[in-house]
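Engineer: Here are the chains, one letter per residue:
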Amino acid sequence: MASLQDIRRRIRSVKNTQQVTKAMKMISAVKLRKSQDRLLAMRPYATKLQEVVADVVARFEPGAPIPESPLAQAFLAPREEQRIRVVVVASDKGLCGGFNANLLKLAEGFLQEKSDQVAHLDVVGKRVADWAKKTKRAVSREFVQVNLPDLLHVAQEIAESAVGQYEREEIDALYVIHNYFHSALSQGPRVVKVFPLKMGGEAHPSGISHLLEPSSDDVLASLLPRFVETELYRALVESAASEHAARMSSMDKASSNAQEMIDKLTLNMNKVRQAAITNQIIEIVSGAAS
Amino acid sequence: MDGHLLLEVVTPERKVFSAEVSELSFPTATRGYYGILPGHTPIMTPVGDGLITYVQQGQKHVLTVFGGFAEVGPDRVTILARESELPESLDATALEVTRQEALKRVKEAKDPHDLAQAQADLTAAELRLQALQGR
Chain A
57 MASLQDIRRR IRSVKNTQQV TKAMKMISAV KLRKSQDRLL AMRPYATKLQ EVVADVVARF
117 EPGAPIPESP LAQAFLAPRE EQRIRVVVVA SDKGLCGGFN ANLLKLAEGF LQEKSDQVAH
177 LDVVGKRVAD WAKKTKRAVS REFVQVNLPD LLHVAQEIAE SAVGQYEREE IDALYVIHNY
237 FHSALSQGPR VVKVFPLKMG GEAHPSGISH LLEPSSDDVL ASLLPRFVET ELYRALVESA
297 ASEHAARMSS MDKASSNAQE MIDKLTLNMN KVRQAAITNQ IIEIVSGAAS
Chain B
18 MDGHLLLEVV TPERKVFSAE VSELSFPTAT RGYYGILPGH TPIMTPVGDG LITYVQQGQK
78 HVLTVFGGFA EVGPDRVTIL ARESELPESL DATALEVTRQ EALKRVKEAK DPHDLAQAQA
138 DLTAAELRLQ ALQGR
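These protein sequences, in sequence, are chains A and B. Using this note's numbering, read the first sequence as starting at 57 and increasing by one per residue. Using this note's numbering, read the second sequence as starting at 18 and increasing by one per residue.
To be clear, the hints were calculated from the coordinates, so they are not data collected in a lab. Some clues are possibly wrong.
[Claimed, not checked] Here are the simulated lysine-lysine pairs, DSSO-like style, with alpha carbons at most 30 Å apart:
| id | chain 1 | residue 1 | chain 2 | residue 2 |
| --- | --- | --- | --- | --- |
| 1 | A | K78 | A | K161 |
| 2 | A | K104 | B | K32 |
| 3 | B | K32 | A | K90 |
| 4 | A | K149 | A | K87 |
| 5 | A | K87 | B | K32 |
| 6 | A | K104 | A | K81 |
| 7 | B | K77 | A | K104 |
| 8 | A | K170 | A | K149 |
| 9 | A | K170 | A | K249 |
| 10 | A | K309 | A | K71 |
| 11 | A | K249 | B | K77 |
| 12 | A | K78 | A | K149 |
| 13 | A | K182 | A | K78 |
| 14 | A | K78 | A | K320 |
| 15 | A | K182 | A | K192 |
Make a model of the complete structure from these sequences and hints.
Structural biologist: Structural data, given as structure tokens:
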């Protein structure tokens, strides 16, 4: 059995670890709130944009002539997917449970399935960059150590270059693999196809038929980049919120594990101490008796 | 028509403005400024860079806007802006510094890309200063 000294030392070390995990949990809780606020702040924009896009697309009747521009075609008549661009989004830091591992597993499967189509791969987050290096994948753009306020710029940059590539027919589709933020307690990885869009023919809720100024082609051409940008930004913010939520819950688990361990060790320590005392008493008693 | 329009300006980061106004104008991407009065024909159009001017209780106010998309209806105008600010959130001294820097970069720019970037920054700073003065 371990000596009293050893057990005490052990308890002290576990306590230290617990303090660290508790602090990390608090920090994650704050960061989670910040990123969640951002997610809520962008929702009205994203919803409105989707409404507008749905409305514009709903005006083109099936069979009607489709405008010539590649962007208008992206909304209405998707090309066959021969080359695709994939953006993989995860975190810079670890210690957040299965957040990165689950996402990378999904990404690995997806990329393998489409291995002959993937023309471009962008990575966001140091963990993904490391994974890409390890699996020897060619990465065209790498974004690491991105702060929350800069996420919009990252989204704009990717969107701009991807839309340009689509116009030049260098890619036929854009996919994002990111963690989806369902609630603070549940998140999970998913693959989203950003464009070309699959549009249902649902009408605008207001039922108003707007004039498209200056022309339907121009409207579509200005809508798609905006739409792609917003979808990417949403993916990035959701990933950030999920990361902090995942870290918070895993640090919470770690803290309670540490507490459990401390309790067990304390019990053990008391037993050892009691045994030592009993031993001494027996020695004294037997010494006095003889 | 009771003579009121609901103007909403939303960016990806937040809702910048939402209130009843009696008239407004905004910059379009290709066709100059559009003036909107209540009861306007519904249109949708890309928005350019410039100032949104609106009239509220006889008072003229401005907002900056940088790119985006406008949806105009008879009683509401929704502007989905890439960026937009209220003049209250702008800081004149900081903007003056940005403007001077941009001006310097325009003069020293070596390739067309740098020049375009510097010019865009300069215009943006000037627009924001204009918004502060027009308040």
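Engineer: Please write out, lowest number first, the hints stated earlier that are contradicted by the structure.
Structural biologist: 6, 11
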